[in-house]
Amino acid sequence: MAANVQYVARETASNLWRNRLMTVAAVLTVAVSLSLVGAAMLLKQGVAHATTQWQHGVNVDVFLKAGVPVAQEKVIDQDLLQLPYVHSCTYRSQAYDYNEAKHLLTPDESQSLSASTTPASLRCVLNDPGQAQAVAQQFSGRPGVASVTYPSQAVHNMQQVTRILQWVFLIVAVILLLSASVLILNTIRLAIFARRREVSVMKLVGATNWFIRVPFMFEGLLQGLSGAVIAALSVIGLHLVLNTLGDSRTSNVFTQMRMPIGEVLATSAVVVVIGLVVGTVGSAFAIRRFLET
Amino acid sequence: MAANVQYVARETASNLWRNRLMTVAAVLTVAVSLSLVGAAMLLKQGVAHATTQWQHGVNVDVFLKAGVPVAQEKVIDQDLLQLPYVHSCTYRSQAYDYNEAKHLLTPDESQSLSASTTPASLRCVLNDPGQAQAVAQQFSGRPGVASVTYPSQAVHNMQQVTRILQWVFLIVAVILLLSASVLILNTIRLAIFARRREVSVMKLVGATNWFIRVPFMFEGLLQGLSGAVIAALSVIGLHLVLNTLGDSRTSNVFTQMRMPIGEVLATSAVVVVIGLVVGTVGSAFAIRRFLET
Amino acid sequence: MICLENVSKTYQTGTVALRDLSLDIEKGEFVFLVGSTGSGKTTVIRLLLREELPDGGRIWVAGHEVALLSQWRVPYLRRNIGCVFQDYRLLPNKSVFENVAFVLEVIGRPKHVIASQVPQVLDLVGLGRKRDSLPGQLSGGEQQRVGIARAFVNRPLILLADEPTGNLDPKTSLGIVRLLDRINRTGTTVVVATHDASIVDMMRRRVIELDEGTMVRDQARGVYGYGT
Amino acid sequence: MICLENVSKTYQTGTVALRDLSLDIEKGEFVFLVGSTGSGKTTVIRLLLREELPDGGRIWVAGHEVALLSQWRVPYLRRNIGCVFQDYRLLPNKSVFENVAFVLEVIGRPKHVIASQVPQVLDLVGLGRKRDSLPGQLSGGEQQRVGIARAFVNRPLILLADEPTGNLDPKTSLGIVRLLDRINRTGTTVVVATHDASIVDMMRRRVIELDEGTMVRDQARGVYGYGT
Ligand SMILES: Nc1ncnc2c1ncn2[C@@H]1O[C@H](COP(=O)(O)OP(=O)(O)OP(=O)(O)O)[C@@H](O)[C@H]1O
Ligand SMILES: Nc1ncnc2c1ncn2[C@@H]1O[C@H](COP(=O)(O)OP(=O)(O)OP(=O)(O)O)[C@@H](O)[C@H]1O
Ligand SMILES: [Mg+2]
Ligand SMILES: [Mg+2]
Chain A
1 MAANVQYVAR
11 ETASNLWRNR
21 LMTVAAVLTV
31 AVSLSLVGAA
41 MLLKQGVAHA
51 TTQWQHGVNV
61 DVFLKAGVPV
71 AQEKVIDQDL
81 LQLPYVHSCT
91 YRSQAYDYNE
101 AKHLLTPDES
111 QSLSASTTPA
121 SLRCVLNDPG
131 QAQAVAQQFS
141 GRPGVASVTY
151 PSQAVHNMQQ
161 VTRILQWVFL
171 IVAVILLLSA
181 SVLILNTIRL
191 AIFARRREVS
201 VMKLVGATNW
211 FIRVPFMFEG
221 LLQGLSGAVI
231 AALSVIGLHL
241 VLNTLGDSRT
251 SNVFTQMRMP
261 IGEVLATSAV
271 VVVIGLVVGT
281 VGSAFAIRRF
291 LET
Chain B
1 MAANVQYVAR
11 ETASNLWRNR
21 LMTVAAVLTV
31 AVSLSLVGAA
41 MLLKQGVAHA
51 TTQWQHGVNV
61 DVFLKAGVPV
71 AQEKVIDQDL
81 LQLPYVHSCT
91 YRSQAYDYNE
101 AKHLLTPDES
111 QSLSASTTPA
121 SLRCVLNDPG
131 QAQAVAQQFS
141 GRPGVASVTY
151 PSQAVHNMQQ
161 VTRILQWVFL
171 IVAVILLLSA
181 SVLILNTIRL
191 AIFARRREVS
201 VMKLVGATNW
211 FIRVPFMFEG
221 LLQGLSGAVI
231 AALSVIGLHL
241 VLNTLGDSRT
251 SNVFTQMRMP
261 IGEVLATSAV
271 VVVIGLVVGT
281 VGSAFAIRRF
291 LET
Chain C
1 MICLENVSKT
11 YQTGTVALRD
21 LSLDIEKGEF
31 VFLVGSTGSG
41 KTTVIRLLLR
51 EELPDGGRIW
61 VAGHEVALLS
71 QWRVPYLRRN
81 IGCVFQDYRL
91 LPNKSVFENV
101 AFVLEVIGRP
111 KHVIASQVPQ
121 VLDLVGLGRK
131 RDSLPGQLSG
141 GEQQRVGIAR
151 AFVNRPLILL
161 ADEPTGNLDP
171 KTSLGIVRLL
181 DRINRTGTTV
191 VVATHDASIV
201 DMMRRRVIEL
211 DEGTMVRDQA
221 RGVYGYGT
Chain D
1 MICLENVSKT
11 YQTGTVALRD
21 LSLDIEKGEF
31 VFLVGSTGSG
41 KTTVIRLLLR
51 EELPDGGRIW
61 VAGHEVALLS
71 QWRVPYLRRN
81 IGCVFQDYRL
91 LPNKSVFENV
101 AFVLEVIGRP
111 KHVIASQVPQ
121 VLDLVGLGRK
131 RDSLPGQLSG
141 GEQQRVGIAR
151 AFVNRPLILL
161 ADEPTGNLDP
171 KTSLGIVRLL
181 DRINRTGTTV
191 VVATHDASIV
201 DMMRRRVIEL
211 DEGTMVRDQA
221 RGVYGYGT
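Which chain is which? The protein sequence lines are A, B, C and D, in order. The first sequence begins at 1 in the numbering used here and counts up one residue at a time. The second sequence begins at 1 in the numbering used here and counts up one residue at a time. The third sequence begins at 1 in the numbering used here and counts up one residue at a time. The fourth sequence begins at 1 in the numbering used here and counts up one residue at a time.
For the record, the hints were derived by calculation from the structure and aren't laboratory data. The reader is advised that the hints may include incorrect statements.
[To be verified] To give an idea of the interface, some chain A residues facing chain D are shown, with a C-beta separation under 10 Å as derived from the structure:
1. R195
2. K203
3. G206
None of the values given here were measured: they were computed from a predicted structure. Note that CB positions come from ideal geometry on N, CA and C, so glycine has one too.
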């Protein structure tokens with residue numbers, strides 16, 4: 001560790017500059033591959049958020065018979081709320097349901113509807129979408145209740161899909177991380193290989209291994225850092241793009257995937273740390289074989 | 001193009017061997033990055049398949065009142081089938097529905113159920129899951145029909161999710177392809193950079209640009225090919241893994257994503273072609289600036 | 001065969017390597033280019049090979065004005081010129097045999113010609129036994145001799161030799177110079193940049209002396225220097 | 001100071017570079033190592049620097065047996081040895097100044113020492129004006145002189161010079177040899193492998209001649225050769 005700070009700083013700076021092509025190549029490799037890693041991590045978290053959103057979106061609609069007295073409606077509402085897995089219920093008037101139906105259906109289909117034939121409903125949000133069937137079983141057939149609808153197969157699929165999606169993105173992130181490491185190590189190895197004669201000359205004039213290694217490691221550190229910062233900025237950029245998409249149209253998947261900026265910054269930080277570590281350790285590792293003898 | 005075949009073959013082979021480190025680096029880069037591209041392409045297709053499967057899974061359940069005469073059941077069935085967007089309907093007895101309910105619910109919940117209180121139902125598969133609400137509107141309240149249930153918000157989400165998933169994987173594939181190209185070009189550039197003196201010596205003894213370029217391009221071609229073949233094998237491997245997962249548990253997402261081997265091979269072929277092209281063109285491109293003057 | 005007319009060359013660093021240099025070398029001449037280190041000998045050779053372009057003046061080689069030559073014709077010019085480089089410039093990944101054979105492959109000589117001619121030339125420079133070594137496995141003198149073999153294996157019109165005996169012992173040097181002389185007698189124009197006083201003095205050929213990029217002497221049957 | 005005992009060295013290619021070589025060089029001696037090209041001079045220097053290990057025999061340098069030296073102590077051995085390499089071995093990405101300064105940085109000399117000592121040494125070899133050039137921007141002789149400056153900038157115990165005047169004109173060569181002589185007079189052991197008959201003959205120092213890896217002559221006040 002005989003190398004003093006000033007020597008290392010000067011050496012690193014001039015090496016980075018004089019081997020521009022390699023610097024650019026290494027930074028590019030880190031930036032591209034860590035961007036992919038970061039994006040995968042972001043998407044994984046996005047899906048986690050969206051899942052919560054989607055689960056809140058699984059409603060049990062309790063359609064009320066036309067002309068049910070308000071008192072009975074209240075009782076049904078209260079009974080529903082007593083169930084532990086019901087989160088909240090909203091009363092929707094006949095007019096509201098009619099409007100919604102008109103909105104969801106094509107003009108052709110909604111022609112046959114009218115506000116008076118559309119039933120009023122209690123739309124209940126569940127804590128656990130798996131319990132939808134239980135609610136339906138209990139309330140369909142109760143006095144005042146016309147029917148209870150809930151998504152059955154779809155709920156099942158949805159749960160599976162989001163669970164698996166999270167896994168997929170996690171696995172993708174891990175695979176990309178491994179790939180990124182391989183690619184970055186590869187690039188560093190090539191760059192150092194191109195300078196192997198230089199290393200051997202340094203050894204011949206009496207430089208210790210650490211004296212040679214430290215500037216190379218700092219080079220790797222800075223390359224990894226620069227690449228990782230670019231990658232982190234891409235991740236934040238991706239987040240902003242998703243956010244904008246989420247704003248422009250209401251209630252699409254992007255809105256559901258929106259997540260607090262804190263998590264995005266955490267992801268970016270992870271990416272930067274990975275870049276630093278892979279760059280530094282990679283350089284130290286790559287130079288090893290040229291330092292032997 | 002003065003280079004004759006034998007010269008090119010010998011030159012390429014010996015260069016690949018004598019620059020082993022670079023050969024390995026380039027092949028590795030191509031293999032890793034094209035595997036990712038291939039995997040993304042495969043997943044996109046998988047989702048496309050799964051979507052079809054999921055859409056078939058969106059059912060409208062028409063629950064029948066207990067004690068409805070068989071004739072009335074038939075009429076309801078036929079009326080359902082006359083709707084253009086209903087694909088098929090299956091009659092499910094009270095016993096069947098009871099069993100299914102018991103299966104889906106926890107023992108606690110199913111205690112209150114009995115075969116006689118569970119309604120029989122017609123489970124209809126739709127050609128277009130977007131029409132579920134229309135079916136519900138038309139049949140709920142009909143004589144003999146207790147209630148009609150269908151997934152509403154969930155259907156909406158599901159359609160959005162799968163549509164967007166396909167886009168996501170397509171975009172991911174394109175981004176990965178661009179990244180792969182950048183990384184491969186990068187690696188080739190570094191490898192050729194390390195041999196720039198060699199190129200300049202060849203020029204000084206009177207070699208034409210093509211004479212120098214052709215062996216380099218063949219090197220790039222072979223490196224791209226080897227890497228791409230590894231990538232293609234990984235894609236096929238991934239397919240087999242997904243298939244096995246799809247077999248072991250019934251009816252999970254992996255089963256739904258299963259696709260014919262033909263498509264997998266097509267994907268692999270695309271990957272190989274990409275590798276070939278990027279390797280060859282990349283080499284030709286990378287050597288360009290060392291051939292000037 | 002070789003003609004420089006008011007040639008000047010300044011490198012990007014600002015070093016003036018040649019100043020207004022004019023010289024004329026006829027076909028079949030044997031010329032020594034001498035001068036202290038840094039006087040511009042290698043620069044002259046680089047310009048003749050079109051490795052560098054002059055800043056001013058005109059240069060003719062083998063009937064072509066090199067600066068006007070289009071890119072794609074440069075290789076064909078270079079095939080007429082054999083060159084021994086001061087720093088050898090061997091292909092590090094090719095064996096001795098392949099290094100020499102490469103020049104013949106470049107001009108499209110058939111395989112059997114290569115197979116017969118290369119060993120012959122290697123024997124001539126005394127490297128018959130090292131034909132499969134890589135340049136990194138040779139001593140300095142051996143590398144230099146590979147460079148010499150490569151330079152004249154395709155019987156070029158012009159042979160440029162930059163310090164061809166710098167790493168050779170006097171006996172081997174003498175052998176190489178005799179070889180250059182023999183090549184010269186077959187009609188090849190030979191230009192040798194050298195510091196080796198003994199061979200210049202022995203050969204007694206035309207000597208051109210450079211000093212800081214200008215010609216200070218052009219002597220028909222000259223010696224290495226006045227002051228040594 | 002330097003002692004070889006029955007040293008032999010065969011390269012991986014099967015070339016026998018040294019055969020049973022024994023020699024002894026005292027502290028403060030000035031020795032010329034001569035021999036035809038490929039006779040093993042560079043190999044001797046490589047062994048002394050521990051760039052290669054001998055296959056047989058033992059080598060002592062500055063009191064250490066090099067083959068027994070542990071890896072981490074090799075750099076400290078090398079700091080006692082200044083070496084001028086036949087192929088210069090300059091750091092291509094460093095300027096002339098930085099190349100020379102590097103040796104001092106390696107041994108941890110403070111900045112002001114470097115700032116005063118390096119220009120002094122560069123002036124001594126006549127490169128004061130080229131201090132900011134990169135090696136690729138120098139003529140052959142200039143690169144060689146950078147190598148020489150680097151070899152003795154840290155006043156080593158032993159100075160090994162492999163063909164230090166191969167690319168220098170006779171006048172500059174003479175200056176370099178005088179410099180080596182001056183360094184030798186300060187107590188430094190100097191070993192010069194060379195083909196340059198004139199400097200050997202002029203200096204009249206101990207001459208060791210190799211032929212195919214064996215010592216054929218060890219003469220106290222020798223000349224370059226009998227036969228030239
Ligand atoms: N690529 C270059 N960039 C900048 N300057 C250069 C370059 N090549 C040579 N020079 C400078 O040009 C001058 C002439 O160099 P040249 O190589 O022609 O000398 P030379 O006569 O061959 O010397 P030597 O006998 O040492 O080989 C020198 O001062 C040298 O430093
Ligand atoms: N790295 C190597 N691998 C294999 N053989 C080598 C290697 N280096 C040198 N040799 C061989 O060993 C022998 C001695 O080489 P060495 O470099 O010691 O000669 P030298 O006396 O320095 O010659 P010169 O005067 O030409 O520099 C030569 O035949 C050479 O071909
Ligand atoms: Mg020169
Ligand atoms: Mg030698």
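Here is how each hint holds up against the structure:
For R195 of chain A, the interface hint holds, the least distance from its beta-carbon to any beta-carbon of chain D being 8 Å, beneath 10 Å. Proximity of K203 of chain A to chain D holds as hinted, the smallest CB-CB distance being about 7 Å (cut-off 10 Å). For G206 of chain A, the suggested interface contact is upheld, since its CB lies about 4 Å from the closest CB of chain D, less than 10 Å.
Of the numbered hints stated above, none is contradicted by the structure.
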